[in-house]
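The listed protein sequences correspond, in order, to chains A and B.
Numbers 1302 to 1566, taken from our numbering, label the letters of the first sequence in order.
Numbers -13 to 121, taken from our numbering, label the letters of the second sequence in order.
Worth flagging that the hints you see were computed from the coordinates, not collected in a lab.
Every residue, glycine too, gets a C-beta built ideally from N, C-alpha and C.
Among the hints, erroneous ones may be present.
Calculated Cβ distances over 12 Å to all of chain B for the following chain A residues [said to hold, decoys possible]:
#: 1; residue: D1345
#: 2; residue: L1427
#: 3; residue: N1512
#: 4; residue: P1514
Covered stretches of chain A (in silico footprint by chain B; criterion: 3 or more residues with CB under 8 Å from a CB of chain B, positions within the stretch not fixed) [said to hold, decoys possible]:
#: 5; region: 1381 to 1394
#: 6; region: 1540 to 1551
The primary structure of each chain is shown beneath.
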Amino acid sequence: MRNGMMSLVLAVMVAAAIPSSSIAQRGQRGAGTANAATPAPPHDPRDLSGVWTRTSRVLTMSAETPPMTAWGKEKFDATRPVYGPRAVPGGNDPMSNCDPLGIPRNLFLEVSIYPMEILQTPKRTLQFFEWAHVWREIWTDGRKLPQNPDPRWMGYSTGRWEGDTFIVDTIGMDERTWLDHFGNPVSDDMRLEERYRRVDRDTLELTMTINAPKAYTKPWVSEKKIMKLAPQGQEIQELFCVPSEEQAFNRLVRDPAAGTSKPPQ
Amino acid sequence: MRKALVGLIRPFGLLAGLLMICVPAAAHHGTSNYDQGKTVTLSGVVTGFVWSNPHAYLLFDVKDEKGNIVHWAGEMNSPTVLAGAGWTRTTLKVGDQVTLTLRASVGGNPVGLINRASVLVNGKRVEPGPSQPQQ
Chain A
1302 MRNGMMSLVL AVMVAAAIPS SSIAQRGQRG AGTANAATPA PPHDPRDLSG
1352 VWTRTSRVLT MSAETPPMTA WGKEKFDATR PVYGPRAVPG GNDPMSNCDP
1402 LGIPRNLFLE VSIYPMEILQ TPKRTLQFFE WAHVWREIWT DGRKLPQNPD
1452 PRWMGYSTGR WEGDTFIVDT IGMDERTWLD HFGNPVSDDM RLEERYRRVD
1502 RDTLELTMTI NAPKAYTKPW VSEKKIMKLA PQGQEIQELF CVPSEEQAFN
1552 RLVRDPAAGT SKPPQ
Chain B
-13 MRKALVGLIR PFGLLAGLLM ICVPAAAHHG TSNYDQGKTV TLSGVVTGFV
37 WSNPHAYLLF DVKDEKGNIV HWAGEMNSPT VLAGAGWTRT TLKVGDQVTL
87 TLRASVGGNP VGLINRASVL VNGKRVEPGP SQPQQ
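Extracted from the complex, chain B is given alone in its bound form (with noise of 0.2 Å):
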């Protein structure tokens, strides 16, 4: 179950790249730390959803091919950005198994920027929440 699902995934020309790495966490993270045409699917365990300010970002536990544990690490919008989809503290717990999708750094280290929509914790979907008055 735990088993590492990684795809590298180059499905996307460079315009349609533009548009993707530019999810609303490039509002104000920038961009240039991210591959633009490359995303990577991982299947993993949470140990840490750290909801910090100007960004959150998600610790998580990968195997890799061999079985070594490859600590993770996926930049998210800021709290007021994700509380807007829904998100709270919470949605994401030490311990939960994740399934999401991240664009690559391009300093080849295991970090990626999440793919909001992507992302399942223990098999399902995050839900969106009730939606707040501003985002």
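In isolation and in its complexed conformation, chain A is listed as follows (with noise of 0.2 Å):
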């Protein structure tokens, strides 16, 4: 109950966070394909390229989080987040360093907030992400996931097609990464299943599920995140999170914002 609140408000807040001009955006797409008269454009569903624009406005997988493990519950409450209604000043979070956000973190920010690219070619199929301009492998080439690998920041993903449905598979988590801006558990026996299906030329669903025992005593099913096909000529900017600028915009602005330390004069 508390979680489903914590999302309500994350909701709002994210919907208000979302940049007018997107939304401009998205209104004048959907001018040109509303009109009921023109019969939709092709397209083939199991080619998934192009930039995809979030129209989501959760953070993370669902408003209801499942409930936690004692393990998943420590490892919760050890997070100080700097989002949502646990957010304190100053806070812990990894990204406030530039670490890595990981799998699923990175991808909730690109059905969020930011675009993602998708590109896709026999054996694989690359995810580039906005946030912090790093990409994604997702092999289709027939491989096994490994067994009892080592973690990664994006862990080991394999993909595969059931009729239109692009179904990707995902382990090997690294337990340094937060699950969402809010503090959700990563444990290293997360799978992570997506699924991915182009409902016509304009629109990406993905949907989401976490089994992550040792973290969450149920699975976590995501809410249907929509992304639309972005216009032509949209490209994915280079937002790098550069640690040795957020050095300084920490010392400068947010520790003296949140009063951990005084700005210098």
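Assembling the complex is the task here: the two chains are given apart, and the hints tell you how they should meet.
And the structure:
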């Protein structure tokens, strides 16, 4: 219940955070596609290529966080987020030092704030994330996921088609990452399934399921995230998180704002 | 002219404050370092406009009521967001006279979250430049 409230507050906050220009942009796109007399433009449902812009406003799986195990709760309680109802000044979000967000947190930003580009090749599908200018490999060459792999920020991902649904399985996530902006835990036994479906030329749907019995007592199924094809010419921007610049920002702005240090005078 | 114009305004309820704090800056910056209901309007002189990733920020000097110079810092969006709104790294330059509204920090230091729409440079509002494909 508490987590539900958290997500509600979060949804309001994030909704307000969406730049108005992006809403205007979507409005323009909508105006171009809403004419019922115009047949839907053709598309290949098995081609996910393109720059996809976000419409979801929820920066995590869904409004309801599943119950946590004792291990998960302890890890959760140790986080001090700067977003949501548990937000505290300063906080200890690894994002504040430009640490990699990892999967799935990087993905949440791409379906909620920043655009993501997908490129398909015969053996790999690649996702390019604007935040931190990082990419992710989803292998489609028939390989199996590794057994007991060393953890990685982005984990290990394979993809396959079932009908027109592209299913991505990911394991081997790094427990140093936070699952989302709110400090929900990641465990090394976590398995993430993503199901992508291009329902029309301009619309890509994504639902996710997390199974992480070390951290959560039940699977966590996401809301349906919906992304829209960006207008022709829109490209992923270079939004690095630059550690040295972030350190200067923390010293001059963030830490004095939080009251954890005095600004240099 | 450089006299500080300082106003503490509490015109908003909690919800409005929540919405106000969620200017696009909130997208990845977090919101807990700034007071949700307290804004400050200041005039001063730019000492630095730092076009850094993932946060741009403004450094500027403001004279307080006693005539002392106070070094202020104001958080802004990422350069990609600013560029989408028509800003460039030279929109603000050292020596420019600025008037702007910030959301006050909870730390009590002269730091705030700048409301980009409020910024006047040498008496003129910053005109949005040509829109870019990606904000």
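Now the hints, each set against the structure:
no.	hint	verdict
1	D1345	holds (24 Å)
2	L1427	holds (19 Å)
3	N1512	holds (28 Å)
4	P1514	holds (30 Å)
5	1381 to 1394	holds (count 9)
6	1540 to 1551	holds (count 8)
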